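Asker: Letter by letter, the chains look like this.
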Amino acid sequence: QKEVEQNSGPLSVPEGAIASLNCTYSDRGSQSFFWYRQYSGKSPELIMSIYSNGDKEDGRFTAQLNKASQYVSLLIRDSQPSDSATYLCAHHAGNNRKLIWGLGTSLAVNP
Amino acid sequence: KAGVTQTPRYLIKTRGQQVTLSCSPISGHRSVSWYQQTPGQGLQFLFEYFSETQRNKGNFPGRFSGRQFSNSRSEMNVSTLELGDSALYLCASRGGTGGETQYFGPGTRLLVL
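Chains A and B, in that order, give the protein sequences. Under our numbering, think of the first position of the first sequence as 298, with each following residue one higher. Under our numbering, think of the first position of the second sequence as 4, with each following residue one higher.
No lab work stands behind these hints, which were simulated from the structure alone. As the structure is a computational prediction, the values presented were derived from the model and not from experiment. Watch out, some of these pointers could steer you wrong.
With a straight-line cut-off of 27 Å between C-alpha atoms, the simulated DSSO-like cross-links for lysine-lysine are [said to hold, decoys possible]:
id	chain 1	residue 1	chain 2	residue 2
1	A	K339	B	K60
2	B	K16	B	K60
3	A	K339	B	K16
Isolated chain A, as found in the complex:
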């Protein structure tokens, strides 16, 4: 079983819609979770970090963490074509605090 699983997509949504990205992980001891966005040919950039169960909102982005079910999700409201990118989920695992990455979900927002 992969340590972090994401649907590779592509996920296609119309402009203005809500995009929902999901990530499941296997390490129940994980405490820190991150969502990064990566445009083609560029390096990943942090969108949001979340550490506690529940929702965390930042502008059009909302991260949701459910440790009991071992998933973390990212909602993008009012999706824009500029949101088209690959979204990477990551979390810290184990005592050595290594960051474990998913393979990413490709999102396409259609005008």
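Place chain B on chain A using the hints.
Answerer: Frame of chain A, contents of chain B only:
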């Protein structure tokens, strides 16, 4: 505050050669991690250095090595290059007020011919 910088940005080498890539972390960050990214493979973790010591290591052959200097700058070296080493090499730093969040540099794109 300046971000993570990587040099060079682009590199073309031939099989059998070796290459050294450099990374300067954000000021105050003591942890530097290196990743290899190829199409369809996601981010493959190479190693992490903290205060000049390798703290974590991924599953790469010994041809891949790294080090960190007292000013937290880091280098990674790949010896005896293979065609499959063509990739985007990313460096990320964390620490200081940023806590556990990793901040990435622009990457070095390596092409092995």
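Asker: Hint by hint, note whether the structure agrees.
Answerer: Quick rundown of the hints versus the structure:
Taking the CA atoms of A:K339 and B:K60, the gap is about 24 Å. The hint holds against a cut of 27 Å. Pair hint B:K16 plus B:K60 holds up; C-alpha atoms about 25 Å apart against a cutoff of 27 Å. For a cut-off of 27 Å, the pair hint linking A:K339 to B:K16 stands: about 21 Å separates their Cα positions.
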